[in-house]
Amino acid sequence: MTTFSEYPDYLSSFDLLEQHFRAQLEGLTSTEKGKRFAQFAKRLIPQSEVGAAFQTPEVNQNQSYDEGVDLTAQGKDGDKTLYIQSKLRIDRTDDIDQIISKFQNYSTPRQFELPLFEARADRRQYLVITLSPLSNILKIYQQKRFGSFSFFTSLKQSNSIYFIDGHDILSLLKGAYGKLNQIPKRLVVNFETPYIQSGEVYIGVLSSFELSRLYKDFGDALFFENVRDFLGVRVEKAGRTSPNAEIVRTINNAPERMLARNNGLVFGAEEVECGENEKQLIL
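Residues in the sequence shown are numbered consecutively from 54, following this note's numbering.
Wrong hints could be hidden among the right ones.
[Stated by the list, open to error] Each computed EDC-like pair below joins lysine to aspartate or glutamate, with the alpha-carbon atoms no more than 20 Å apart:
| hint | residue 1 | residue 2 |
| --- | --- | --- |
| 1 | K209 | D148 |
| 2 | K232 | E253 |
| 3 | K88 | D148 |
| 4 | K129 | E102 |
| 5 | K227 | E309 |
| 6 | K88 | E102 |
| 7 | K192 | D218 |
| 8 | K197 | D147 |
| 9 | K192 | D150 |
If you are wondering where the hints come from, they were derived from the structure by calculation, not from laboratory data.
Computed from a predicted structure; not experimentally measured.
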């Protein structure tokens, strides 16, 4: 059985991750490397904290006129847009200044645009993703006070700019690998009401928010030993919908009836302990 301490070699350290990238991109032109990294960013960003609030990013197909924006993602709330610069290597403070300057130009309305309504600043957010470590480069960039620094400061103050560097990529890949390949070793479950116990069976009422939290932490690995997993939505014979389709309909149209209509989730655990209070179990 795979444990949380066992990862592929390329996820065991940042240096090995860099070597893995170099091997995968060897022999490609700079343009091809950029395209490959943008596709990688598209898949990775939704796994990040900032990316979780947005739809899956779309890669800008017009590479020659991307104006510093390689990918764009629409907010899940429909009120924000995330503009993303994916750059395999960022080795100098000049690179940061160039990226921030392009973001600033991108945020400025063109002369031919007619702003009928005043744009809210917090609707536009920006993300830089790179394999390079950024902590030291960003410190030096802020000390040098480039021409783009005032715009950078305004973005920081409004929490509108984010960075994912190589060390973040390593952490995200480890998390994604764990969600796909590893059974959780310890699960803390918080119920809405005190749980009841009968022999080796524990029953409790779980909120959708708590289930969402668990899924965020463990992904599909949460269900590796679930007695009955979600099998997808499909149409049965004679036009009848599947039980899972009915579950989705209840969640969307009558969430208050979810508990009455469905039996819930069943987990198998080697050991169960009482938690901090009568509403918490440790599996």
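Each hint tested on the structure:
no.: 1; hint: K209 to D148; result: 18 Å, holds
no.: 2; hint: K232 to E253; result: 27 Å, violated
no.: 3; hint: K88 to D148; result: 18 Å, holds
no.: 4; hint: K129 to E102; result: 13 Å, holds
no.: 5; hint: K227 to E309; result: 37 Å, violated
no.: 6; hint: K88 to E102; result: 23 Å, violated
no.: 7; hint: K192 to D218; result: 14 Å, holds
no.: 8; hint: K197 to D147; result: 10 Å, holds
no.: 9; hint: K192 to D150; result: 12 Å, holds
Violated hints, in rising order: 2, 5 and 6; the structure is consistent with all others.
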